[in-house]
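Participant: So you can see what is in the structure, the chains are spelled out below.
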Amino acid sequence: GENVEQHPSTLSVQEGDSAVIKCTYSDSASNYFPWYKQELGKRPQLIIDIRSNVGEKKDQRIAVTLNKTAKHFSLHITETQPEDSAVYFCAASIRPTNAGKSTFGDGTTLTVKP
Amino acid sequence: EAQVTQNPRYLITVTGKKLTVTCSQNMNHEYMSWYRQDPGLGLRQIYYSMNVEVTDKGDVPEGYKVSRKEKRNFPLILESPSPNQTSLYFCASSLSSYQETQYFGPGTRLLVL
Chain A
1 GENVEQHPST LSVQEGDSAV IKCTYSDSAS NYFPWYKQEL GKRPQLIIDI RSNVGEKKDQ
61 RIAVTLNKTA KHFSLHITET QPEDSAVYFC AASIRPTNAG KSTFGDGTTL TVKP
Chain B
1001 EAQVTQNPRY LITVTGKKLT VTCSQNMNHE YMSWYRQDPG LGLRQIYYSM NVEVTDKGDV
1061 PEGYKVSRKE KRNFPLILES PSPNQTSLYF CASSLSSYQE TQYFGPGTRL LVL
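Residue numbers (my numbering), protein chains in the order written: chain A, 1 to 114; chain B, 1001 to 1113.
Where hints are given, some of them may not hold.
Sample of chain A residues facing chain B (criterion: CB under 7 Å; computed from the structure) [as the list claims (entries may be wrong)]:
#1 32
#2 99
#3 105
By construction, these hints were calculated from the structure, which means they are not laboratory data.
Idealized CB from N, CA, C, for every residue including glycine.
Using the sequences and the accompanying hints, generate a full structural model.
Facilitator: Written as structure tokens, this is what we have:
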């Protein structure tokens, strides 16, 4: 089955700096890669996603890049703010043929210091 | 309001006492899933359902059962809970195989003594 590895497990940055979280996946058939943000005591919420036919996607201060050949994808957060502090999860799945099955990384705890 | 709800939110039980955690969504979503979240282990999928009466195992199905008799409900059943099932459980739903965004419920924190 699919295996998703996420690094680093913890990340601390100064406010205004950039943060990068990386994930690698094992199943070359995976084609959908979402990122979820989970604030303390809250539920995970989707912040951005990318499909395998796209190399990069941006949404204001966040971006995701995908390298299909190397089987890795990354979350980039620029101009970090204290409210970006949370746990971030990457995931991989095969859509639509196996749409229900999702494999998540172990999470990265991001701390943004004011 | 579009939402995924879970009940109960907190539960303390004893080993071997059967329990059910309910999950309901009002968005007419086809897909529903159950995850458990443990420190350092991320979100691990227990079971998922593609539609009514269609379910499949995720990565950690042992000790759990599910059913999908109605589109909106996807209960998680622990027939004989054990302490290693102490965890935070999330239910999630998504519209279809092409509308992949998963919407998570608020979570159920379970302690098995």
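Participant: So which of the earlier hints does this model not fit?
Facilitator: Checked against the structure, no hint fails, so every one of them is satisfied.
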